[in-house]
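Peer 1: For the protein sequence lines, the chains are A and B, in the order given.
Just so you know, our numbering puts 221 at position 221 of the first sequence, and the rest follows in order with no gaps.
Start counting at 1 in the second sequence, then tack on 315, and there's your number in our numbering.
In short, the hints are calculated from the structure, not lab data.
Idealized CB from N, CA, C, for every residue including glycine.
Wrong hints could be hidden among the right ones.
If you anchor each label on the Cβ, the simulated ranges turn out as follows [as the list claims (entries may be wrong)]:
1) B:512 - A:311: 24 to 34 Å
2) A:66 - B:424: 29 to 39 Å
3) B:381 - A:223: 39 to 49 Å
4) A:311 - B:342: 39 to 49 Å
Below are the chains, spelled out letter by letter.
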Amino acid sequence: MLRFILRRLGTLLITMLVLSILIFILSDVMPIEPALMILGRESTPEARAALTEQLGLNKPLPERYVAWISRFIQGDWGESYRMGVEVLPLVQRRFTNSLTLAMMAAAIIVPVSLLLGIIAGLNESRWPDRVISIGSLISISIPDFVVGLVLIVLFSWGLRILPGDSSLRGDTVNLMEHWQKLVLPAITASVVLIGYIARVTRVSMIEVMDSPYIRTAILKGLPQRTVILRHALRNALIAPVAVVTTQLAWLVGGLIVIERLFNYPGIGSLFADAALRNDLPMIQASAMIAITLVVLSQGLADVIYALLNPRIRFG
Amino acid sequence: MTVLDIRHLNVSYVSSRGIAQAVRDLSLTIQPSETYGLVGESGCGKSTVALAIMRYLPRRTRLDGQILFQDADIATAPPAVLGQLRGNRIAMVYQDPQSSLNPVLTIEKQLVEVITAHEGATGEDARRRVIEMLEQVRMPDPAYVLQRYPHQLSGGMQQRVVIAMALLLRPDLVVMDEPTTGLDVTIEAGVLDLLNDLRREFKMAILFISHNLGVIARICDRVGVMYAGELIEEAPVRQLFDRPHHPYTTGLLRCVPQAVSRHTSGALYSIPGRVPPLTALPRGCTFAARCAFAEPGCTQGAPQLESVAAGHAARCFRWRTVIEQPAAAPVPQPPSTPAKSGTSNRQALLTVSNLKVYFTQLMGLLGLARSRRIRVIDDVSFSLEPQRTLGIVGESGCGKSTIAGAVAGLKPVTSGRIDFGDSDFTRPIARRSRAALRQMQMVFQNSDSSLNPRHTVEKTLRRPLRCFNIVPRGHERAHIIGLLKAVNLDETYLDRRPRQLSGGEKQRVAIARAFAGEPQLILCDEPISSLDVSVQAAVLNLLQQLQRERRVALMFIAHDLNVVRYLSDEVAVIYLGKICEIGPAEAIFQPPYHPYTEALVSAIPAIHAGAQPHAIRLEGSVPSPANPPSGCRFHTRCPRKIGSVCEQQEPLGQDVGDDHIIYCHIPLSELRALQTQTEAQHTQ
Chain A
1 MLRFILRRLG TLLITMLVLS ILIFILSDVM PIEPALMILG RESTPEARAA LTEQLGLNKP
61 LPERYVAWIS RFIQGDWGES YRMGVEVLPL VQRRFTNSLT LAMMAAAIIV PVSLLLGIIA
121 GLNESRWPDR VISIGSLISI SIPDFVVGLV LIVLFSWGLR ILPGDSSLRG DTVNLMEHWQ
181 KLVLPAITAS VVLIGYIARV TRVSMIEVMD SPYIRTAILK GLPQRTVILR HALRNALIAP
241 VAVVTTQLAW LVGGLIVIER LFNYPGIGSL FADAALRNDL PMIQASAMIA ITLVVLSQGL
301 ADVIYALLNP RIRFG
Chain B
316 MTVLDIRHLN VSYVSSRGIA QAVRDLSLTI QPSETYGLVG ESGCGKSTVA LAIMRYLPRR
376 TRLDGQILFQ DADIATAPPA VLGQLRGNRI AMVYQDPQSS LNPVLTIEKQ LVEVITAHEG
436 ATGEDARRRV IEMLEQVRMP DPAYVLQRYP HQLSGGMQQR VVIAMALLLR PDLVVMDEPT
496 TGLDVTIEAG VLDLLNDLRR EFKMAILFIS HNLGVIARIC DRVGVMYAGE LIEEAPVRQL
556 FDRPHHPYTT GLLRCVPQAV SRHTSGALYS IPGRVPPLTA LPRGCTFAAR CAFAEPGCTQ
616 GAPQLESVAA GHAARCFRWR TVIEQPAAAP VPQPPSTPAK SGTSNRQALL TVSNLKVYFT
676 QLMGLLGLAR SRRIRVIDDV SFSLEPQRTL GIVGESGCGK STIAGAVAGL KPVTSGRIDF
736 GDSDFTRPIA RRSRAALRQM QMVFQNSDSS LNPRHTVEKT LRRPLRCFNI VPRGHERAHI
796 IGLLKAVNLD ETYLDRRPRQ LSGGEKQRVA IARAFAGEPQ LILCDEPISS LDVSVQAAVL
856 NLLQQLQRER RVALMFIAHD LNVVRYLSDE VAVIYLGKIC EIGPAEAIFQ PPYHPYTEAL
916 VSAIPAIHAG AQPHAIRLEG SVPSPANPPS GCRFHTRCPR KIGSVCEQQE PLGQDVGDDH
976 IIYCHIPLSE LRALQTQTEA QHTQ
C-alpha cells in the first residue's frame, strides 16, 4: 500500500510540473505589461524599461520559468500588482478560510448524501426512494444563490438565529469563534452536492444489490445487516468516492457566488478579482492553487479507491 | 426419506409486458444422495426452479405450489426459517464463480462467515474447518488461498471456492446452476471429476442444472427435461439417453455432434423453430409447433406427464409412435469440400508462415520505466486450400482469436508472412485494398455486439453490397432478400433491428453479412458458442451449406472439440501461442496425439456410455504468455512429460504422415503405444 501511495505521489508531482509550465506559458502570452501595471500610466518608458530589466522579464522564457518556479517552491510568490501586498500570506489566509468552510460543508455533505443514497438504493422504487429521488432532483436544479437567499431570508431575517453576513474582521477565520457565520454558506454549498452525490450513490447501490455476489451472500443465509454492511456497502461506495473527492476541489476553490453572497473572505473571490484585474502574480498563484487542489483530490480519490478495491491494490 | 419434494410448482414473472409463466405445474422429488439433473434450452425455466428452491425471486413474482424440504414448505416459509436453511441445509453453486464472489473481501472472510452466521463459531476453530473443506475440494495450498481476493485466483480455483462454500456445513441439498458453463473444457472436466467424488463422499442430494447433455450424462442419476416451463420427460439417466420418449428429448440428443460424426457423413439434425415466448404460450402441447410427430390433436388438449416405464415419464400424446421410429439415419448431404489435393497441383488460398504477434505491455511510472513483450503468437505456420475448412482449437488464452485477428489485419503482425492468393496480407487492415478486404470476411462470437443495434437488417446487409459494388443500386433489395433466404430468413426480417432478433437469428444475419461480399475465406471466431444446442446445429448446417454453394474456405475457431472435429478438414491445436499438432481432422482425434490434444479429447463430456474417453486431466491453468515456460511450453502441465529435455529444448515436428505433424519429444511409436494402452484400459 505504501508503495502504491508513493507511486501515485510521483505521478502527481509530474502532472503538477507539466501543468505549471503550461500556466507559465499562458500567463506569458497574456497581453499584460507588468511594468505598466506596477508603475501606472504616467510612468516614463525609461522607468518601465528599467523595471522590466530589474524584474528579469526580458530574459528568455525557459530561464524565466526556472527562476519563477524555484522562487515559487521556496515560498516567494511575488507581490500583487494591484494590492501592493505579498501574495503568499494573503493567499494563505484566504485559503485557510475556504478550507474551513469546505470542511464544514463536507462534514454535512458526505454523511447525509451517502446515507440518503443508500436508503434510496435499498428501497428501489418504493416510497423512500421516490421521496429522495425527487428531493435530490429539486436540490440539483435550484441555483446556489437562490438557496442562499432563501436561507438568509428564513434564518437571518425571519427567525434571527443565524447571521446572514459572514464577513470576518481581520480576514481570519476561527472555527470556535465564527462557526455561526459558517453555517448558512456551508448549507448552501451542501444542497447542490447532496442531491448529486445521493443520486450517484443510489444508482451504485442498486447495481450492487442486484449483483451475483450479493445473491451469494443472501443465499449463504447471512442476516440482512451483514449482507448490506459487509458485502454491499464497500462495493457501492466505490463510485460515489470518485465524485466526492473531485467535488472537494470545487468546494475549496469554486464557491465564488456563495462567498460573494455571504460576503465571506474565501479564496474563490480573491481569484475572481485577480483575473478581472490582470493581477499576474495573483493569477499565477491562484492557478497553481487550483491545480494543486484538483491533483491532490484526485490523488486522495485514488488512495481511497485502492483501499476499497483490492483489484487495484493488487493489480 | 425424500430430501426435496416439489409439488405443482408454478412461478410467473409479472412485468409491463405481461405475465411470463416461467415454471408450470412442476413436480419432482430428490432422494438422499441422489443427483437429479435438469436439462433444457435457455428460457425453459431451469434456473427459475433453482431460484424458487432458494426462494430468491424478484419482488413481482407469483409463486404457488409446495416446495417441501424436511419439515418446511419453502414456498411459504417466513424469512427467519429461510435464513436458517440457506447456506446451511440447502446451498447453491453458481454459474459464474468470478462474479459470485465478493471482489472486495478475502476468500477467508467469505468462507468463515458461513460458519459464523449459522453456528457462531469464529476465529481459529472456523478457520481450521475452512482449510479442511478447501483440502476436500482438492485446493492446492489452502492457507495461501485464504489470504487471496477472488480476482487473484483462476476460474477453476474460484469454482472450487464456491463449491467449498456450499459444502462447508454439509448441507442436505446442493443446488448447482450450470456450475461448469463458462469454464474451459479441461477445467470443466476437473470440476466434474471433483463433484463426482464429493457427491459420494458427502452423500448429499444435488439438483444439477445444465444445458449440456454430456455434462448431465457424466454426473446425474436421474434427469428431468424441461421445455417452456414444464417437465416434459423424466427418467433414470441411462434410460433417458438410450430410450428417450419425448420428441424434444430425442431432438436435443440428435443435435449434438457426436465423437464419431463428421460433416462428410451428413448434416446435423436440428429442431426447427424456437421456444415459444413464455408470455404467450400456445394452446395444447407447447412443443407441437416444432414437433415432427405433431398431429392436429396435439394442439387441442394439454398432454399430461404419463408413466411410460418404471421411473420413466413423458408428456406426449404420441410417445408410442416416437419410440417405434428407428433412430433416424443422418441426413445425407453431398461432400461440402473437395478432397485435399496432392501437395503440388493446387495452390493454397491462405498461407501463414512463421507468424509472430507480440504485444508490448508498459509498466512502471507512466510506462517509462519498463516494458515487457507478451508473445501471444510465437512462430505459427499453416496453410488452407480453397473451399476447405481449418479448425483451430485450444483453451482460452492460447491465442486462437489472435491468429484470426492477425489474418484479418486487426492485430499488428510482429514478424512472419501472411499470403492470400497471390497477394501479401501481412499489412494491417487500414492498408489493404478494397478488393483484398472483400476476399476475407469475419463472423464473431457475440452477434449482439458485432451487429450495429441501430441498423436494420436491410441496412446491415446493404453495407457490404455497396462497399464492394456487388450489385447495381436498383437490385440491392432483391439481392438482400436472396441473402436472407440463403440463411433461412425471409423478407419480413428486412426492417428488424438486432434487439428484435433471437440469438440464432442474429448469428444468421451476421453470417449473411459475411457472405454478402462474396468472399473466398470466412474467419469464424467461436460463432456458435453462445447459442443453444438446437440452434448451434442449425447454424453449423447453414455454414456448411453456404460453404458448399458459394465455394468459400472457412477458418473455424472453437473450444468445442466435437464441433471442430465435425466441421473441419484440417485441425490445428494451439497451446500458448504455438501449434502442438496439426493435420487432417480424422487423424488429429485418434492416437497418436500430442499429449495436449489427448487431454483436450479426454475432457469432452460424452453423451453415450462407452463413448467416454479415457481420463487424462490437466492440472492448473494456461501459464501467462508474458513469461512462457522454457523448452516445450506444455511441459508444466504435461501428463506425459519425459524429463529435462522437455524443459530445455523446444520439440521439433514429427511427421506422422499425410501432413499430420506432432510437436513432441516423445517418439511417435511410444506415444501411440502409451495412448492405445490407456484407451484400452478405460474401455474395459
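Peer 1: Quick check on a hinted range of 39 to 49 Å for residue 381 (chain B) and residue 223 (chain A), using CB atoms only.
Peer 2: violated, 27 Å
Peer 1: Take the C-beta atom of residue 512 (chain B) and the C-beta atom of residue 311 (chain A), compute their distance, and say whether it sits inside 24 to 34 Å.
Peer 2: holds, 33 Å
Peer 1: Between residue 311 (chain A) and residue 342 (chain B), is the Cβ distance one that fits in 39 to 49 Å?
Peer 2: holds, 45 Å
Peer 1: Evaluate the given range 29 to 39 Å for the C-beta pair formed by residue 66 (chain A) and residue 424 (chain B).
Peer 2: violated, 53 Å
Checked against the numbered hints given earlier, this structure breaks hints 2, 3; the rest are met.
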